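J.: Working from the sequences, and respecting the hints, build out all of it.
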Amino acid sequence: MDRLIKTILIISIAAFGAGILFVDAAQAQPIDNLVVEYWSETENNWLPLQGSIFDETNFLPG
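Our numbering numbers the first residue of the sequence shown as 1 and each following residue consecutively.
Think of the hints as simulated: they come from the structure by calculation, not from any bench.
Be careful, since some hints might not be right.
Cβ-Cβ distance ranges computed for the label pairs, FRET-style [unchecked claim]:
(1) Arg-3 x Ala-26: 31 to 41 Å
(2) Ile-5 x Gln-27: 32 to 42 Å
(3) Asn-45 x Asp-24: 33 to 43 Å
No experiment lies behind these values; they were computed from the predicted model shown.
Quick reminder that beta carbons are idealized off the backbone N, C-alpha and C, glycines included.
T.: What follows is the structure, given as structure tokens:
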């Protein structure tokens with residue numbers, strides 16, 4: 001039983017390691033004309049955001 005668990009563990013680690021080799025890296029791409037809108041309770045419509053999000057000038061994920 002102990003040998004079976006070790007065999008399953010080794011095969012699982014090998015399969016997981018091989019799977020990581022085939023994963024592509026994701027990278028953020030900048031978008032020039034992105035418009036962020038927010039809901040205005042006073043005007044009851046969507047308005048474009050004036051200024052930067054979270055007080056950051058360059059907010060890119062990743």
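J.: Now, for every hint given, state plainly whether the structure supports it.
T.: Each hint tested on the structure:
Taking 31 to 41 Å as the suggested C-beta distance range, the pair Arg-3 and Ala-26 conforms, at roughly 40 Å. The hint said 32 to 42 Å for the Cβ distance between Ile-5 and Gln-27, and at roughly 39 Å that hint holds. For Asn-45 paired with Asp-24, a C-beta distance near 40 Å keeps the hint of 33 to 43 Å intact.
Violated hints for the displayed structure: none, as all numbered hints are satisfied.
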